[in-house]
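A.B. asks: The listed protein sequences derive, respectively, from chains S and B.
So the first sequence is numbered by the numbering used here: it starts at 1 and just counts up by one.
So the second sequence is numbered by the numbering used here: it starts at 1 and just counts up by one.
Derived by calculation from the structure, the hints in this document are not laboratory data.
The structure presented is a predicted model; accordingly, all values stated were derived computationally and were not measured.
Treat the hints loosely; a few may be bogus.
As the list claims (entries may be wrong) - Result set (DMTMM-like, lysine to aspartate or glutamate): computed pairs, CA atoms no more than 20 angstroms apart in a straight line:
no., chain 1, residue 1, chain 2, residue 2
1, S, Lys167, B, Glu110
2, B, Lys100, S, Glu127
3, B, Lys100, S, Asp172
4, S, Lys278, B, Glu110
5, S, Lys442, S, Asp2
Stated by the list, open to error - Here are a few chain B residues that sit away from chain S, every Cβ distance over 10 angstroms (derived from the structure):
no., residue
6, Leu9
7, Val10
8, Ile12
9, Pro13
10, Leu89
11, Ile94
12, Leu97
13, Thr104
14, Phe121
15, Leu122
What the hints assert, rightly or not - Distance windows between CB atoms, simulated:
no., chain 1, residue 1, chain 2, residue 2, range
16, S, Ala214, B, Phe95, 34 to 40 angstroms
17, S, Leu85, B, Phe111, 37 to 43 angstroms
18, B, Phe95, S, Ile468, 39 to 45 angstroms
Glycine included, each C-beta is placed from N, C-alpha and C at the ideal position.
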Amino acid sequence: MDALTINALVAIGICLFFLLQGVSYYREIKDEESFFLYNRKLPDGEYAVSFAAASTSLATVLFFFVTFGVEHGIYIFFAPITYVLGCYLYSKLLLPPLEKQGFFQQREISSTGGVITLGTTLTKYVEERYKSNAVKFSITLITILGLTSILLVELYVGVNIFSIYLKPQFVDLALFGVAFVVFTYTGLGGFIAVVRTDVFQLRLMFLSAVILLAWLVWASLQNHIFPSSEIFIVHPIVFKGGILLPYTLLFNILVVNLFLVPALLRTWQMAAASPSSKEVKKGIIKGVWLTALLTTMFILLGILFFRSVFPNAELSLIGMLNALHTSQNPLARYILFPLFFAGCLAALLSTADSALAPVLQSFSQDIRKSNARHSWKHRHVLLLTAILFIITISLYFVVFRLLGFNLITWLFTIFSFLIICTPSIVFAIISPDNVVNRRASKITALISIWGGFIVAILLSIVGNKLKIIEIVQLNSPLASLFGSLCFLVLWVVYKIKGVWA
Amino acid sequence: MTFDTIFVLVGIPLFAHSGLAFFQSFLKGPSQYDDLHDFEISGLPTSVKIQELFKIKLSSGRFCCKDLIAAVLIWSRRLRMIGFLPLMLYVTFIFLLLVKGSFTEDFNVEFLSNILLGVAFLLQVLYILFKLRSNIPQLLMHLPKYEKASFLLILFDVVPLWKR
Numbered sequence: 001m002d003a004l005t006i007n008a009l010v011a012i013g014i015c016l017f018f019l020l021q022g023v024s025y026y027r028e029i030k031d032e033e034s035f036f037l038y039n040r041k042l043p044d045g046e047y048a049v050s051f052a053a054a055s056t057s058l059a060t061v062l063f064f065f066v067t068f069g070v071e072h073g074i075y076i077f078f079a080p081i082t083y084v085l086g087c088y089l090y091s092k093l094l095l096p097p098l099e100k101q102g103f104f105q106q107r108e109i110s111s112t113g114g115v116i117t118l119g120t121t122l123t124k125y126v127e128e129r130y131k132s133n134a135v136k137f138s139i140t141l142i143t144i145l146g147l148t149s150i151l152l153v154e155l156y157v158g159v160n161i162f163s164i165y166l167k168p169q170f171v172d173l174a175l176f177g178v179a180f181v182v183f184t185y186t187g188l189g190g191f192i193a194v195v196r197t198d199v200f201q202l203r204l205m206f207l208s209a210v211i212l213l214a215w216l217v218w219a220s221l222q223n224h225i226f227p228s229s230e231i232f233i234v235h236p237i238v239f240k241g242g243i244l245l246p247y248t249l250l251f252n253i254l255v256v257n258l259f260l261v262p263a264l265l266r267t268w269q270m271a272a273a274s275p276s277s278k279e280v281k282k283g284i285i286k287g288v289w290l291t292a293l294l295t296t297m298f299i300l301l302g303i304l305f306f307r308s309v310f311p312n313a314e315l316s317l318i319g320m321l322n323a324l325h326t327s328q329n330p331l332a333r334y335i336l337f338p339l340f341f342a343g344c345l346a347a348l349l350s351t352a353d354s355a356l357a358p359v360l361q362s363f364s365q366d367i368r369k370s371n372a373r374h375s376w377k378h379r380h381v382l383l384l385t386a387i388l389f390i391i392t393i394s395l396y397f398v399v400f401r402l403l404g405f406n407l408i409t410w411l412f413t414i415f416s417f418l419i420i421c422t423p424s425i426v427f428a429i430i431s432p433d434n435v436v437n438r439r440a441s442k443i444t445a446l447i448s449i450w451g452g453f454i455v456a457i458l459l460s461i462v463g464n465k466l467k468i469i470e471i472v473q474l475n476s477p478l479a480s481l482f483g484s485l486c487f488l489v490l491w492v493v494y495k496i497k498g499v500w501a
Numbered sequence: 001m002t003f004d005t006i007f008v009l010v011g012i013p014l015f016a017h018s019g020l021a022f023f024q025s026f027l028k029g030p031s032q033y034d035d036l037h038d039f040e041i042s043g044l045p046t047s048v049k050i051q052e053l054f055k056i057k058l059s060s061g062r063f064c065c066k067d068l069i070a071a072v073l074i075w076s077r078r079l080r081m082i083g084f085l086p087l088m089l090y091v092t093f094i095f096l097l098l099v100k101g102s103f104t105e106d107f108n109v110e111f112l113s114n115i116l117l118g119v120a121f122l123l124q125v126l127y128i129l130f131k132l133r134s135n136i137p138q139l140l141m142h143l144p145k146y147e148k149a150s151f152l153l154i155l156f157d158v159v160p161l162w163k164r
């Protein structure tokens, strides 16, 4: 049996395993709470693992950071460090007010007799605080757009790893298989399936990263390259056009990592699924360290792979897989190749399901507006999943095949979409009750969101047209700066008028 | 007309039927499918956990190959649908046959599909043997619809598998 067939069997086995594992939680789904919110009993351990698995995406960690790691050496560690900082700020500054506002408690609504909770989705929270449908729908629309794009990019990069099997004109075939697996188990098993499969997916990622890294270190030592620091430090700390990293990339990573966590629907879903803010705090801190550790391992792995062991390999994920499977070393061909492929698949599935679950929740609970719990039907969600499956596949063909978007440009654009909502969300959390629902606050929120959106889109289009990536990289810092400035001005006005005590 | 073509032509309606029946059995909630699991494996009630099975068997010093298979079955029953696994393998197999021309020349599709079919076949036989020990008419009466379809499919499969 050749290496490719072994790998194909491993890949099919893994897809089947996760499909069956995920679908098996179907019987645990009793109502809306169990489907979307894990019965609000998500322990901090599973929170951490799920957070890490979802954050370790194929597109960012295994594609983006690995290639940037080769270009900028160890300075790209700036990314995991700032991500840790972003999560730390979220848990220190935003979780305490959320708890005070009752996000983790259920509240009775007497008029209908049903129970409605503040802590279900980001949209419900924003609606409750701003008391404005316009702000609510703006944030819902943009965050759903952002998460759907993450799902798309993940599928796009994931589908490309199958090009070792398929002729170039048929590569898109893999999309149906991978999307089918993710949509089926998420639609049937809900958030429980997403979290529980993440546990195995993270183990698989760690296993593949550790073993491949160990082998690369060994192989580098064989090549007598490892002791040299040149492969890790490619340029001085301060250089023309940047410190550590080029300025635009530096600011992009800094802003995205500091602003991203509160704007992700997933963060809110996981927080609502947790029994208390303590669990969230513990979970997110453990989770972000796990993420940082995995990201660091993959960056090191990329540097050693491309600069030491396989210097002639094409600088991409598919280049890595090709180099492994055509290697003369049987260990690389028969063990490391399937193992790394398995790790890639696990990263793909874990990020894709974690992007899909909150989108499903948002569509089902925010857009359909089914508040009374007894009217919830699983088959409605299944139908919604099927519709989303069709939409995602259609969007994939429109964005990547018809419009021919460049992946890196699209990646930078997605993150700028997500973080333009952060200033409005942070303002809703930290401002006093009498301030947040004032007319001026609502208008500022709308200006900051849509103004930021226009800034981000314009920079992306201009950068893409002129083929200058630096312009695209500026979209997140400038869009979030615009939003933050809007709220800063509002805060000053409120202070002067004495509204904000 | 090759065996592959016949297989695909006959297989697709069967898959469609079994797939629909499978999801129907899911959507209906607890059904006859659940009752099927109230049988005993290796003299132990099925509710026993895998760790307990190993503990009892190891402490009594009676551990044989049958127990190992029972353990595997209990583990896979935790996934609640070992019967679904062969079905999924068949789906993958059919998919491979349909899109054979789109694969690169380096990749041996024939070989992989034979392995998949073989594994699916073995799993189904194992499952059926352990589920209702032998009585075929009784077996066909008790099996959920989707399993009946995939059972028919294996009988039909043996020919192309052997032919290859």
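A.B. asks: Indicate, hint by hint, whether the structure satisfies it.
C.D. replies: Going through the hints against the structure:
For the hint linking lysine 167(S) to glutamate 110(B), the alpha-carbon distance of about 16 angstroms falls within 20 angstroms, and the restraint holds. Taking the CA atoms of lysine 100(B) and glutamate 127(S), the gap is near 52 angstroms; set against the 20 angstroms cutoff, the hint is violated. For a cut-off of 20 angstroms, the pair hint linking lysine 100(B) to aspartate 172(S) stands: about 14 angstroms separates their Cα positions. Restraint check: the Cα-Cα separation between lysine 278(S) and glutamate 110(B) comes to about 54 angstroms, which exceeds 20 angstroms; the hinted pair is violated.
Distance check on the hinted pair: lysine 442(S) and aspartate 2(S) sit about 62 angstroms apart at the alpha-carbon level, beyond 20 angstroms; violated. For leucine 9(B), the non-interface assignment is confirmed: its Cβ lies about 21 angstroms from the closest Cβ of chain S, beyond the 10 angstroms cut-off. Every beta carbon of chain S lies more than 10 angstroms from that of valine 10(B), the smallest distance being close to 22 angstroms; the non-interface claim holds. With a minimum CB-CB distance of about 16 angstroms to chain S, isoleucine 12(B) clears the 10 angstroms threshold, and the non-interface call stands.
With a least beta-carbon separation of about 20 angstroms from chain S, proline 13(B) lies farther than 10 angstroms from that chain, consistent with its non-interface assignment. Leucine 89(B), annotated as away from the interface, has a beta carbon of chain S within 10 angstroms; the closest lies near 7 angstroms. The beta carbon of isoleucine 94(B) sits about 12 angstroms from the closest Cβ of chain S, which is more than 10 angstroms, so the claim that it is off the interface holds. With a least beta-carbon separation of about 13 angstroms from chain S, leucine 97(B) lies farther than 10 angstroms from that chain, consistent with its non-interface assignment.
With a closest Cβ-Cβ approach of about 6 angstroms to chain S, threonine 104(B) is found to fall inside the 10 angstroms limit, against its non-interface label. For phenylalanine 121(B), the condition that its CB be more than 10 angstroms from all CB atoms of chain S holds, with the nearest at approximately 15 angstroms. Every beta carbon of chain S lies more than 10 angstroms from that of leucine 122(B), the smallest distance being close to 14 angstroms; the non-interface claim holds. At about 36 angstroms, the CB distance of alanine 214(S) to phenylalanine 95(B) agrees with the hint of 34 to 40 angstroms.
For leucine 85(S) and phenylalanine 111(B), the Cβ-Cβ distance of about 50 angstroms falls outside the hinted range of 37 to 43 angstroms, so the restraint is violated. Between phenylalanine 95(B) and isoleucine 468(S), the C-beta spacing of about 42 angstroms keeps the proposed range 39 to 45 angstroms intact.
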